[in-house]
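Chemist: Sequence order for the protein chains is L and E. Start counting the first sequence at 1; every next residue gets the next number (the working numbering). Start counting the second sequence at 1; every next residue gets the next number (the working numbering).
Since the hints were derived computationally from the structure, they do not count as laboratory data. Just so you know, not all the hints are guaranteed correct.
[What the hints assert, rightly or not] Derived pair list, reagent style DMTMM-like, types lysine to aspartate or glutamate, alpha-carbon separation capped at 20 Å: (1) E:LYS31 x E:GLU269; (2) L:LYS150 x E:GLU280; (3) L:LYS211 x E:GLU269.
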Amino acid sequence: MNMIQGERSGRRSTPLLEIRDLHTEFRTGAGTVRAVDGISYAVDPGETVAVVGESGSGKSVGALSILRLIPDPPGRITGGQILFAGRDLLQLSEEEMREIRGGEIGMVFQEPMTSLNPVLTIGRQLTEALEQHRGLERAASHQRAVELLKLVGIAEPIRRLKQYPHQLSGGMRQRVMIAIALACDPKLIIADEPTTALDVTIQAQILELMKELTRRLGVALIIITHNLGVVARYANRVNVMYAGRIVESGNAATIYHRPRHPYTIALLNSVPRLDRPRQARLDPVEGQPPDLTRLDAGCSFRPRCRFAVEACAASRPDLTATGEAGHFSACFRQSELGVANETVKETAA
Amino acid sequence: MSTPLLEVKGLEMHFPVSEGILMRRKVGEVKAVDGVDFTVQRGETLGLVGESGCGKTTTGRCILRLEKPTAGEIRYDGVNIAPLERKELRGLRRRIQVIFQDPYSSLNPRMKVGQIIAEPMKVHGIEPDAAKRNARVRELLSVCGLNSRFADRYPHEMSGGQRQRVGIARALALNPEFIVCDEAVSALDVSIQAQVINLLEDLREQFGLTYLFIAHDLSVVRHLCQRVAVMYLGRIVEMADSDTLFSDPQHPYTRGLLAAVPVPDPSVEEQRAFQPVPGEVPSPMHPPPGCVFHPRCPMAVATCRQQRPPIREIRPGHFVACSEVS
Numbered sequence: 001m002n003m004i005q006g007e008r009s010g011r012r013s014t015p016l017l018e019i020r021d022l023h024t025e026f027r028t029g030a031g032t033v034r035a036v037d038g039i040s041y042a043v044d045p046g047e048t049v050a051v052v053g054e055s056g057s058g059k060s061v062g063a064l065s066i067l068r069l070i071p072d073p074p075g076r077i078t079g080g081q082i083l084f085a086g087r088d089l090l091q092l093s094e095e096e097m098r099e100i101r102g103g104e105i106g107m108v109f110q111e112p113m114t115s116l117n118p119v120l121t122i123g124r125q126l127t128e129a130l131e132q133h134r135g136l137e138r139a140a141s142h143q144r145a146v147e148l149l150k151l152v153g154i155a156e157p158i159r160r161l162k163q164y165p166h167q168l169s170g171g172m173r174q175r176v177m178i179a180i181a182l183a184c185d186p187k188l189i190i191a192d193e194p195t196t197a198l199d200v201t202i203q204a205q206i207l208e209l210m211k212e213l214t215r216r217l218g219v220a221l222i223i224i225t226h227n228l229g230v231v232a233r234y235a236n237r238v239n240v241m242y243a244g245r246i247v248e249s250g251n252a253a254t255i256y257h258r259p260r261h262p263y264t265i266a267l268l269n270s271v272p273r274l275d276r277p278r279q280a281r282l283d284p285v286e287g288q289p290p291d292l293t294r295l296d297a298g299c300s301f302r303p304r305c306r307f308a309v310e311a312c313a314a315s316r317p318d319l320t321a322t323g324e325a326g327h328f329s330a331c332f333r334q335s336e337l338g339v340a341n342e343t344v345k346e347t348a349a
Numbered sequence: 001m002s003t004p005l006l007e008v009k010g011l012e013m014h015f016p017v018s019e020g021i022l023m024r025r026k027v028g029e030v031k032a033v034d035g036v037d038f039t040v041q042r043g044e045t046l047g048l049v050g051e052s053g054c055g056k057t058t059t060g061r062c063i064l065r066l067e068k069p070t071a072g073e074i075r076y077d078g079v080n081i082a083p084l085e086r087k088e089l090r091g092l093r094r095r096i097q098v099i100f101q102d103p104y105s106s107l108n109p110r111m112k113v114g115q116i117i118a119e120p121m122k123v124h125g126i127e128p129d130a131a132k133r134n135a136r137v138r139e140l141l142s143v144c145g146l147n148s149r150f151a152d153r154y155p156h157e158m159s160g161g162q163r164q165r166v167g168i169a170r171a172l173a174l175n176p177e178f179i180v181c182d183e184a185v186s187a188l189d190v191s192i193q194a195q196v197i198n199l200l201e202d203l204r205e206q207f208g209l210t211y212l213f214i215a216h217d218l219s220v221v222r223h224l225c226q227r228v229a230v231m232y233l234g235r236i237v238e239m240a241d242s243d244t245l246f247s248d249p250q251h252p253y254t255r256g257l258l259a260a261v262p263v264p265d266p267s268v269e270e271q272r273a274f275q276p277v278p279g280e281v282p283s284p285m286h287p288p289p290g291c292v293f294h295p296r297c298p299m300a301v302a303t304c305r306q307q308r309p310p311i312r313e314i315r316p317g318h319f320v321a322c323s324e325v326s
């Protein structure tokens with residue numbers, strides 16, 4: 001792991017957020033689930049980083065761990081460091097952490113109906129953040145709330161402030177969530193599947209809004225999603241997760257055009273694409289995702305992997321540099337996959 | 001052209017909206033489906049796409065006769081099934097089956113998988129012999145790519161993809177000819193989704209099935225369907241064969257919808273100029289006058305606010321409901 005950090009620190013800016021070897025576990029009746037099993041990545045100021053994975057890959061737990069929002073019990077962060085603007089978030093008191101949440105780090109969740117308080121008006125939920133974190137007076141916070149709603153493209157902001165979440169549409173609620181996230185000029189926004197519950201045209205509006213605002217205001221964004229298209233359109237860098245670990249990490253273009261992990265390759269090949277001629281048949285990832293309570297010492301993707309060899313059962317491959325700048329893959333056979341990849345692309349074309 | 005297996009004409013499903021606790025009175029109507037026409041040929045897969053509230057699911061429920069339409073005809077194999085009563089529908093239920101979206105809520109958690117799949121056979125009195133019925137259950141499981149051991153398990157012991165396979169096996173139990181797939185792969189993870197799509201394609205070939213494939217994921221629809229109808233606020237706005245619809249969409253809504261789908265390729269995305277469709281879907285209780293899409297439409301002119309454009313055939317097999325398309 002240290003080697004990777006060494007290489008990464010060669011970048012121009014110091015990262016805004018740096019996660020080092022984070023471990024989060026859940027103790028369940030069936031055993032201990034290592035939902036996040038040693039992940040490390042960094043986010044530069046103003047950059048958009050995507051964390052991609054399927055259900056159970058640990059992508060959401062990883063994001064919630066940054067904010068220390070893991071319900072304990074059953075969950076617990078068991079190791080690692082989360083360095084944000086020079087401080088280790090895991091060492092802060094609960095009080096200090098409350099200052100960070102909604103202050104320097106904003107949050108946008110998947111389901112705006114459950115993350116907004118149903119019995120408070122939109123206005124109250126916005127001003128509460130401002131009064132708590134910024135110590136603004138009533139009048140000043142009200143004015144700022146109006147500005148924020150305008151910023152996220154909500155018409156008639158004064159009327160909307162008096163309304164309750166159920167009176168708004170799904171897209172509008174998500175706009176409000178973004179306004180709340182932006183309320184205290186955060187340096188980082190963590191968005192967990194921000195558009196999964198929305199329709200395609202509304203999803204496009206919300207993503208464009210988030211992209212435009214984070215670029216204009218220089219806010220860094222961690223976007224957690226399962227949608228490979230969303231990642232391609234919006235992310236600078238991508239971390240692909242499988243069974244609690246990052247299996248591949250790199251620039252968006254590298255990950256999509258020259259993937260070096262069998263899971264990433266399989267994932268990209270399994271989706272039907274609108275920009276390509278229709279295929280006769282899809283090429284799915286065979287088998288089922290692993291049971292996280294029964295992981296062995298080997299690579300957890302091994303049972304579904306076309307490239308698996310004996311070594312894959314013996315130990316788990318660490319993320320190692322592929323040779324391309326900032327590109328890492330956790331596969332013993334990654335150098336061979338560079339070649340395999342070309343043939344995959346040729347057959348697809 | 002041969003007679004279609006399914007012919008839907010002027011289908012309407014209006015739900016009353018009432019108010020008051022003691023004195024309930026009707027205060028309005030939700031026009032969930034408001035004049036829909038289409039046909040499905042035997043062996044064909046028709047895709048029905050659109051966003052929430054466009055009426056695609058209600059259309060499917062009308063064809064399954066889980067709803068009784070308020071107007072219009074549904075001709076299935078020559079017989080209008082729209083006005084039939086409960087008892088008369090029994091025969092139909094064997095021929096038309098459904099696969100639902102959510103493999104978590106559409107399977108009874110207290111029944112074993114084997115019982116779930118055998119249930120339709122019991123209800124319809126097919127295979128009254130228990131041993132034969134069990135053999136059939138095992139056969140259906142293996143057709144759907146599941147080990148016969150799964151017959152003794154409960155749904156909660158299975159993954160989402162496995163449960164969806166159980167839902168498919170149950171739909172096949174009565175040897176239907178027509179299956180309504182209502183967001184059948186939407187809840188599944190990407191890697192599992194491709195497996196189930198391939199299974200649906202194999203089954204279509206193996207059993208000569210006809211599908212009505214209701215979904216919001218356009219890339220999946222394009223992959224699976226020969227023809228596609230796009231719905232918006234209770235109406236079909238465009239219908240064409242799949243390749244034409246996706247390569248040469250005509251209705252401004254279809255175009256907006258296609259542009260909104262991000263492609264999993266950063267270089268392609270970088271080069272796409274992209275303007276999201278503005279606004280939101282209006283309430284189906286108070287649809288706008290004229291063309292229902294006009295408040296969000298970049299091409300709208302004065303007449304669009306007054307006249308509802310009829311759906312017309314702009315070239316063979318390509319139907320568009322827009323007065324601005326020539």
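Chemist: Starting from L:LYS150, check that the Cα of E:GLU280 is at most 20 Å away, please.
Modeler: holds (17 Å)
Chemist: Between E:LYS31 and E:GLU269, does the CA-CA distance stay at or below 20 Å?
Modeler: Violated, because 37 Å separates the two Cα atoms, which is more than 20 Å.
Chemist: Can you confirm whether the C-alpha distance between L:LYS211 and E:GLU269 stays at or below 20 Å?
Modeler: Roughly 14 Å separates the two Cα atoms, so the pair holds.
Hint 1 alone, counting from the list given before, is not met by this structure.
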